[in-house]
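Chemist: Protein chains in written order, with my numbering: chain A, 1 to 276; chain B, 277 to 603.
Keep in mind the hints are simulated off the structure, nothing from the lab. Owing to the predicted nature of the structure, the values given are computational and were not obtained by experimental measurement. Every residue, glycine too, gets a C-beta built ideally from N, C-alpha and C. Be careful, since some hints might not be right.
What the hints assert, rightly or not - Covered stretches of chain A, going by a simulated chain B footprint (3 or more residues, C-beta under 8 Å):
1) 28-35
2) 84-92
3) 95-104
4) 268-274
Unchecked claim - Within a straight-line C-alpha distance of at most 25 Å, the following computed SDA-like cross-link-like pairs (lysine to any residue) qualify:
5) K409/B to G91/A
6) K409/B to A88/A
7) K8/A to R384/B
8) K8/A to L21/A
9) K8/A to V74/A
Stated by the list, open to error - Counterexamples of contact, computed for chain A against chain B with all Cβ distances above 10 Å:
10) P13
11) T161
12) G198
13) A218
14) P224
The chain contents come next:
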Amino acid sequence: MIRTELVKMLRRPRTWVSLMLLCGLPGLVAAFLGVTKVAPPAGQGPAFLSAVLSNGTLYPAAALAMVLPLFLPVSVAVVGGDSVAGEAGSGMLRYLLLRPVGRTRLLVAKLAALVGFVLLAVVAVTLSSYAIGIAVFGAKPASAVTGASLVTSMSGTGLTTPQVLLRLACAMLYVGVSMLGVGAIALFLSTVTDSALGAALGALAALVTSQILVSLDAAAAVHPYLPTRYWLAWIDFFRAPVLWHDIQRGLALQAVYVAVFLAAAWANFATRDITN
Amino acid sequence: MIATRGLTKRYGRVVAVRDVDLAVGAGDRFGLLGPNGSGKTTLVRMLLGLVFATSGEIEVMGRPIPRRTGEVLPRVGAMVEGPGAYGHLSGRANLALLDASGPGRGTRRTRRRRVGEALERVGLGGVDDRPVKAYSLGMRQRLGLAAALLHEPELLILDEPTNGLDPRGIREIRDLLRALNEDGTTILLCSHLLGEVEELCTRVGVMDRGRLVLQRDMSDVRALTGRVELRTPDAARVVALLDGRVEHRDGDLLLVRAADAAELNARLVADGLRVTEIRPQRRTLEEVVLSLTGASADRFDRPGAAADARAGTDARADADRTAGELT
Ligand SMILES: Nc1ncnc2c1ncn2[C@@H]1O[C@H](COP(=O)(O)OP(=O)(O)OP(=O)(O)O)[C@@H](O)[C@H]1O
Ligand SMILES: [Mg+2]
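The shape of chain A in the complex, shown without the other chains:
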């Protein structure tokens, strides 16, 4: 069942369109930067963007920073919202259940497909932007220090290329995990309504609310519980030494969101009348 759900996702034109959009944005930005060589001043614009002009290997980090706030969560919310409600909309939900596929199994398979999509998205963004970065900005820093190719990390110490790649992989996975909370909310809403669009919008509404509250000092009391609170913690992978505190909290928080909303989705779906 998990296999067929993954196959189903891969055979959807929509999956590929959203991946193309996700990879296209960093490509577009790279094109402008490559042509004009005008870097945003350090500390402004997406993180890392000022650093990449001198070294392309860091471009995936900049690309993740670009897609993280909007593109990625929107595509995850759309896929998650579509998972059950989309089946209901096409009339296939009842035929899947009659096949029979147990309701719990179906939900687990949908979650697996969602995780598959998130992984595919972050890997695609990372790999494509790595290639773009090398091609446009080159792998060697203009002012290379002799002996090793060094990249300046946020804290100012040097990192070798393998270290950069390892940290990029970690950051990529962390960004992927950060999306699972939104995905789980969308999946839950998808079992509540038969409208895929409604479920996706609901998840996005939760997301926007969370982002606004995160930036609101008056809401400091609830900050630690907001799903987007630790989204930017992946930057800590590029500090020397790595700052684990926020990363750990971020992972734990996403795990809690997934557990809670998956349980709610299951409780709702397993007892619901299928009347579409």
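We have chain A; now place chain B with the ligands onto it with these hints.
Modeler: Okay, now just chain B with the ligands, sitting in the frame of chain A:
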């Protein structure tokens, strides 16, 4: 095959199905009739474990539903309220995907063959690879039927399977269902096409406003009425001769109270009266259904208009008489 006891389903304040005791035996071709909104689809969904009953019990193939749905459904084929398919995939890919989703009778090796056979049975054997969104309504309906037949079910539950098919298509499906039934498949069919049910089914159930108001063998339902329909150019003389046994006259068409058409014919001919047509009258399914059911539950007339609409139907007068005879 199917047995329910006191089955009831409420949607909020609406009682969609009320206290239904349905019994479908193995090998039956059971036709479920009833006006729009009488609860047929809701009943079928409950039998399949899609909708949970408010109260009452369901047994399908001797197993309680919804507790043991997982054991029953692999042996059941169903189509509920129209087919479902992924529009961007071909019909073949849709069936293969559906087949792969569930527990297998057989493996991937046999999948291609099973899908091919199911498509063949419903007349889509030679269908090309165009996506389902480019299918006509009839093709989609056939694809839905193919999905129901994919695993050689012992019980086939079909909710309006011929919706949108042309007359030839309806005929083909009827022949297909009859052939499947002869091979041992039990069939439960919901339909508004009385002719289709009349031709196909051996047993009928009639639902009205959530209640199962009739459950009988087709031969009982279509019993003789004890009248003979007669067409004769000498109508006036026949009326005079039969003296009071003619219940109704419409031009040269007469309705005569008589147990035996042959005897009546012999008597008329002996008196030199010409007979163009003669046959014993049978109740039609239409009369029976109309007599047992009220206006459709999803008609929402204004209070005054409802009475007019009902008084206006000529069929009701005849139908009420039929109801008296049936019960
Ligand atoms: N999901 C639902 N929520 C609320 N009421 C419902 C729901 N589904 C059906 N009903 C109500 O239950 C009743 C029975 O509906 P059902 O669909 O079973 O009728 P039906 O006999 O299949 O009608 P038709 O011949 O038009 O298909 C109707 O009054 C309908 O309004
Ligand atoms: Mg119906």
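Chemist: Next step is simple, just say for each hint if it's right about the structure.
Modeler: Going through the hints against the structure:
no.	hint	in the structure
1	28-35	violated (count 0)
2	84-92	holds (count 3)
3	95-104	holds (count 8)
4	268-274	holds (count 3)
5	K409/B to G91/A	holds (13 Å)
6	K409/B to A88/A	holds (16 Å)
7	K8/A to R384/B	holds (16 Å)
8	K8/A to L21/A	holds (20 Å)
9	K8/A to V74/A	holds (20 Å)
10	P13	violated (6 Å)
11	T161	holds (42 Å)
12	G198	holds (20 Å)
13	A218	holds (41 Å)
14	P224	holds (39 Å)
Hint violations for this structure: numbers 1 and 10, all remaining hints satisfied.
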